[in-house]
Amino acid sequence: MTFEQALKIKLEYSNGVSSKSYRVIPNPKTDSKGYNKFMTDLCEDKDFTDEDAKKYSTNSDYNVLEGHFY
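So the numbering used here is basically just the index in the sequence shown, starting at one, shifted up by 1482.
Don't read these hints as lab results, they were simulated from the structure.
Check before you lean on any hint, since a few could be wrong.
What the hints assert, rightly or not - Okay, derived cross-link-like pairs now, BS3-like style, lysine-lysine, Cα gap no bigger than 25 angstroms in a straight line:
1) LYS1519 to LYS1536
2) LYS1515 to LYS1490
3) LYS1519 to LYS1502
4) LYS1528 to LYS1511
5) LYS1536 to LYS1515
6) LYS1502 to LYS1490
7) LYS1528 to LYS1490
8) LYS1511 to LYS1536
9) LYS1537 to LYS1519
10) LYS1490 to LYS1519
11) LYS1515 to LYS1528
12) LYS1490 to LYS1536
13) LYS1537 to LYS1511
14) LYS1528 to LYS1502
15) LYS1537 to LYS1490
16) LYS1511 to LYS1490
17) LYS1515 to LYS1537
18) LYS1536 to LYS1502
Starting from the given sequences, assemble the full structure and let the hints guide the process.
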């Protein structure tokens, strides 16, 4: 999905459940290289924004990460 679509879904999810956190990420199914680099760097620097996913994506395909991983 596009970045805008992923961001819209993230916002819909965030409005529904306040106890969970969500983040736009490179799609792990179609962009494993971008996803793996993003997650590695995310573990080191937790101040990433959703816009940072664009820097890591190699194919402009995004998804929404749910949970407390980061």
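How the hints compare with the structure:
1. LYS1519 to LYS1536: 12 angstroms, holds
2. LYS1515 to LYS1490: 24 angstroms, holds
3. LYS1519 to LYS1502: With a Cα-Cα distance of about 23 angstroms, the restraint between LYS1519 and LYS1502 holds, given a limit of 25 angstroms.
4. LYS1528 to LYS1511: It holds: about 23 angstroms lies between the C-alpha atoms, which stays within 25 angstroms.
5. LYS1536 to LYS1515: Cα-Cα ~13 angstroms, so holds.
6. LYS1502 to LYS1490: 16 angstroms, holds
7. LYS1528 to LYS1490: Holds, at roughly 22 angstroms.
8. LYS1511 to LYS1536: 16 angstroms, holds
9. LYS1537 to LYS1519: 10 angstroms, holds
10. LYS1490 to LYS1519: 24 angstroms, holds
11. LYS1515 to LYS1528: Satisfied, since the Cα-Cα distance of roughly 19 angstroms is no more than 25 angstroms.
12. LYS1490 to LYS1536: Judged against 25 angstroms, a Cα distance of about 15 angstroms means the pair holds.
13. LYS1537 to LYS1511: 17 angstroms, holds
14. LYS1528 to LYS1502: Since the Cα atoms of LYS1528 and LYS1502 sit roughly 16 angstroms apart, the hinted pair holds (cutoff 25 angstroms).
15. LYS1537 to LYS1490: 19 angstroms, holds
16. LYS1511 to LYS1490: 20 angstroms, holds
17. LYS1515 to LYS1537: At roughly 12 angstroms apart (the allowed maximum being 25 angstroms), LYS1537 and LYS1515 satisfy the hint.
18. LYS1536 to LYS1502: 23 angstroms, holds
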